[in-house]
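Student: Listed below, chain by chain, are the residues.
2 protein chains.
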Amino acid sequence: VPVEFEVTDRAAAGRLGRLHTPHGVVDTPTLLPVVNPNLRLITPRELKTLFGADILITNSYVIHKHADLRDGALEKGLHALLDWDGAVMTDSGTFQQYVYGDVKITNEEVVAFQRDIRTDIGTALDVFSTPQRTFQEAKEDMEETARRVEAAAGIKGEMALAATVQGGVHPLLREEAARRVAPHGDVFPIGGVVPLMEQQRYAELARAILAAKRGLPAGNAVHLFGCGHPMVFPLAVALGCDLFDSSAYAKYAKAGRYITSEGTQHIADMAETICPCPVCSAHTPAELARLAEYDRMRLLAEHNLYVTFSELKRVREAIRDGTLWELVERRATAHPTLLEALDVLREEQHKVQLEATEPISGRRALFMTGPHTVHRPLLYRLHERLRSRYSPPEAEKVILFDEAQRPFSESLRDRLAHHLQHGERHFIVDSWLGPVPIELDQMYPFAQSVVPRVPDAQTRRYLAGLLTAFIEERLHVPVVRDHEDAEDWTFHTQEELYADPTLTLPPEPTGPGIGRWNLDLLRVAATADMQFGRGAADALLGPQDGRQDRVRLVVSPRTMKVRNIQTEGEHVASLRAEDGLLSLTMAGARRLHAGFAMPQLRVVVTRESAEYNAQGRNVMSRFVSAMDPALRPGDDCLVVDEDDTLVAHGRVILTAAEAPTFRRGLVVRIREGSAKRAREADATTPSA
Amino acid sequence: VPVEFEVTDRAAAGRLGRLHTPHGVVDTPTLLPVVNPNLRLITPRELKTLFGADILITNSYVIHKHADLRDGALEKGLHALLDWDGAVMTDSGTFQQYVYGDVKITNEEVVAFQRDIRTDIGTALDVFSTPQRTFQEAKEDMEETARRVEAAAGIKGEMALAATVQGGVHPLLREEAARRVAPHGDVFPIGGVVPLMEQQRYAELARAILAAKRGLPAGNAVHLFGCGHPMVFPLAVALGCDLFDSSAYAKYAKAGRYITSEGTQHIADMAETICPCPVCSAHTPAELARLAEYDRMRLLAEHNLYVTFSELKRVREAIRDGTLWELVERRATAHPTLLEALDVLREEQHKVQLEATEPISGRRALFMTGPHTVHRPLLYRLHERLRSRYSPPEAEKVILFDEAQRPFSESLRDRLAHHLQHGERHFIVDSWLGPVPIELDQMYPFAQSVVPRVPDAQTRRYLAGLLTAFIEERLHVPVVRDHEDAEDWTFHTQEELYADPTLTLPPEPTGPGIGRWNLDLLRVAATADMQFGRGAADALLGPQDGRQDRVRLVVSPRTMKVRNIQTEGEHVASLRAEDGLLSLTMAGARRLHAGFAMPQLRVVVTRESAEYNAQGRNVMSRFVSAMDPALRPGDDCLVVDEDDTLVAHGRVILTAAEAPTFRRGLVVRIREGSAKRAREADATTPSA
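Protein chains in written order, with our numbering: chain A, 1 to 688; chain B, 1001 to 1688.
In short, the hints are calculated from the structure, not lab data.
The beta-carbon is built from N, C-alpha and C at its ideal position, and this holds for glycine as well.
Check the hints yourself; a few may be wrong.
[Stated by the list, open to error] Covered by chain A, according to a simulated footprint, are these stretches of chain B (three or more residues, beta-carbon under 8 Å): (1) 1115-1126; (2) 1415-1426.
[What the hints assert, rightly or not] Below, simulated SDA-like cross-link-like pairs (lysine to any residue); rule was C-alpha separation at most 25 Å, straight line: (3) 1254(B) with 363(A); (4) 1048(B) with 282(A); (5) 1351(B) with 454(A); (6) 1048(B) with 287(A); (7) 48(A) with 1286(B); (8) 1048(B) with 363(A); (9) 48(A) with 1282(B).
Can you make the complete structure from the sequences, with help from the hints?
Tutor: Set out below in structure tokens:
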């Protein structure tokens, strides 16, 4: 296989990846600057040294059209023609056909030509469906494209094939188009989207990407064709795009247009340069205006590339940090039409789609930054799991607290103590992230989040609906607001707090303590069920009856938080301080293995792999034969062989739908293999 | 006067200004980098050449404490000590008193010392009120500060005095503190705010700034003491701060902290630098980590300064563009606590305060970017004016349209035509910016705005309330939704439009035209009343009865929009294509002068000035003796002498409350003076 893709980190549906090509490894998400073989404002070498470009794109149709370029490329190869030894992708003339309508080359010719000039990734001559194309017209375009892609696959030889997904503005066609080209491509561009971006129809762009992603294999890089404006990168990456390309840096420079991550301006309208790049730090707009035209163009192109590549760095950092959604929401305020795209994401269908690959926790606090935050896939998942996985403790009524400082059990300690003394046992915080049972208050992102004192009314209304549904479906006892039940307390409603800015929430409590052990045991049990599925608490801790005697919780003397969980003397799991989720031990994995049937919680590996995994080596994608579809990135999982023998446990990187589509990279990072433990047991047996 | 301030442009309550000092003119808003005389990571000269700093701040208490520095400063002067010939401000030890609590210098000593070392702007030793100070405690601090500032004013000599506004977290005290120090200062720092910024209590910070601004004269620069994080600049500038200072660039660099306009990160946590500055374009975090400590600190400090100064450039450009509120709303998504500050701005009291200086139009489209947009001062003004200035045309019912493409009268042309044919005469668009009578659809920002297809529910709820109030108070005829009245039309509600993404609003109309003349005359009349006050249409166009025959509208043959308005053969005003507002001619000014009593619409100038203004020269602040308090920046006004003789007309730059507080700068940019016109009339009379 000429080009392979692996994923090394992820956030939202965005991936940090490595694209392996015959001319080096390309870190993604990234931009392929368009190189015009006839006009070199910035040379390929400079694109590498100044901006860090690892891969370029150029147009094979343009090269083919000019006899000297064509002959040179055929003779020396494309890399020599461009004086570039990194990866190169070529486009096929589709866009020229769309813009000028007079492309005189066939699909077979242009694919063979790309093969012959030894491009790394060549593109079939697909049919560009404009947004104006009706469903039927776009369907015909899509079918013709699928035929051409299939034909190209037969011609391409060693070259990797970019198989473009068309379908116009019709999501059903986009998904179908993706399925049709999926078997034939190595890289999948989403095409026909330039008019949507030019007209800032970002809601339709988001629908097109989401639909294409539904039909595409996860294990290949996805390219958003013709997208090179940094304003769109966070959204497009969050929806799963890995590659972008653009001639905008040069075209805009020619037109005096100045790109920022928040839009585009005309340099002629500016009194000051508003960016810290080397060009803008050294030149005012007036100074640029006095330069010769070529020099000005060159400097503007440099500026455009600096901001474009630095936004990509920012996006990649946001993936590593787990703050990509924050970046998407922030950038969406750059234009009202970007907000429309966020509206698309909160449709149920898209929440379900995005939830399927959303990691279980992040490395930074979740920020609530507007009406879209509460619809984020992670919160959607937790709201759903509260309904499907959470078991309320036995109690005669539920005490409902208003939003408070995090973690809730600490800021509400005095009040909890009061209610506990009065025999209450079930507490829920009506938080700005949704209902949070007090025993889940340390779970990501309930403790690891920052919310405004009072969020917008749309969020509040949505939360009120969530709470009502949760109460009606899951709680069959009366629900009483804390303040309604506590006349003897100095208490303020959220409205009062908001009306009086000098009031703050109560300081560190000094009242009587809460029976720690009870809350902590509830916490471990509820976390286990939320994280692994209903029944996990019983599997890990034994039946509720007698659990207090059976389970011992090791508490950190410094933080007073639960660290380790021992059941019948066996260390079964640890509670992570950073995200309040459980890390299994092998003993815990064995208990879950016994408690949950195949394929639940499992990643099933081939016998060949099982031996290695038992030694503690990670699970590679090509050795996975089945997997629980409920597992999510970051989840702890059980690695079993095809006979369901537990060989290891570890953390999931790819989901069940994704794993089989990757030829490279890890599916599970093993924490502990059974063989290692077995050897240790062997080793210690004699001396025991 | 040693330091004078003038305002050259404005947006929100933010000002583009020029601070004239004995060591040069400083463009504001800007940052004063803190120079530590003992430690020069970056020299003053480099601060100028690399980052464009025009003014520095250093600490006179620290200089005074070190004998060698003190003697050097007294001997050579502060500028020589720092090797810097630009402007310098000095602080007094107040912050050191707050942090370390052991400052051994009196107010009199430190002020005299600052005077003697010839600083440009020296600061009294004020009493730092922490947020913990109760109202009574903070009141005592404030009174002591006021006494010290008054004492300092008696000592300062040639030096400009920075008179700090304290008052803790108590807005009433902040305002009172401002009034107390106002007579004695040349520059006004807002002090005691560092703990608020450290604790990200931005709502209280916004209240403190707004309260201080209520008590301070507009004609002096306002300094937000200790604020140097670019994340806060857009908000602080929009509320009227002109100067910032910070040692953060160096202190953060020392701690490995990396500043961005959206927050702060630790360089050790980063895999890639996420900024296009010269440092980040050339170094990865790993490369920085390998450098010697001093070199790494130096480069991080450079990065911190590049992003800090480039955010100031961005803020200044946003003032020029009229997009400062857009920038504020965008940056507020960087942290939930910044959103809380926006909540403060939508309190009625603050809307009133901010409306008073909000310019009447902007150079770019208004963007709706979230639940706060609809509360912007400009929209608040227009909603208020609809209730107080707008006169509904006579009609038996009102047809209400849903939000549509701009301008509304064009996108709704077919439907308007239909209703006109059925005898309807009054049309209002229930737009996402509030109710818009169809005849005001070209007025800024109704046509010059971009809104999402469906805004958030909080905005929708607020708009529903506005519309209800408008209908109840102002319309005394039935209101009928367009679609309820038009069964013969293919029509979709906004909900349907939203539910079906493939539907778009109707394309360019081809149906029968609207009686242009009627709508245009309504437009001119309604615009006149909204812009100048109720009665302006009668004054400019004569009574409604017979207006059609009296008024001639000159329409651009290209755009088909009204350009000039002639009443009884006299050109009285032009309708500006860019913002749909009226520009008066001298004939129009005369009509308004006759129609509105003193001091309405007037800027009253001294006799000395009147002669010059009649020649077309601009009105300077020190010659204004009175002014209509209803005039807003950008408004057309009548310039009259003290006998109410009309001498000129022009555009207002400063408001009535502001003008008397400025010693420099323009109050009115004259469009036309009576003398010039008189001369022209004289010149043409013989040949006529």
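Student: Check each numbered hint from earlier against the structure, then list the numbers of those it violates in ascending order.
Tutor: 1, 2, 8
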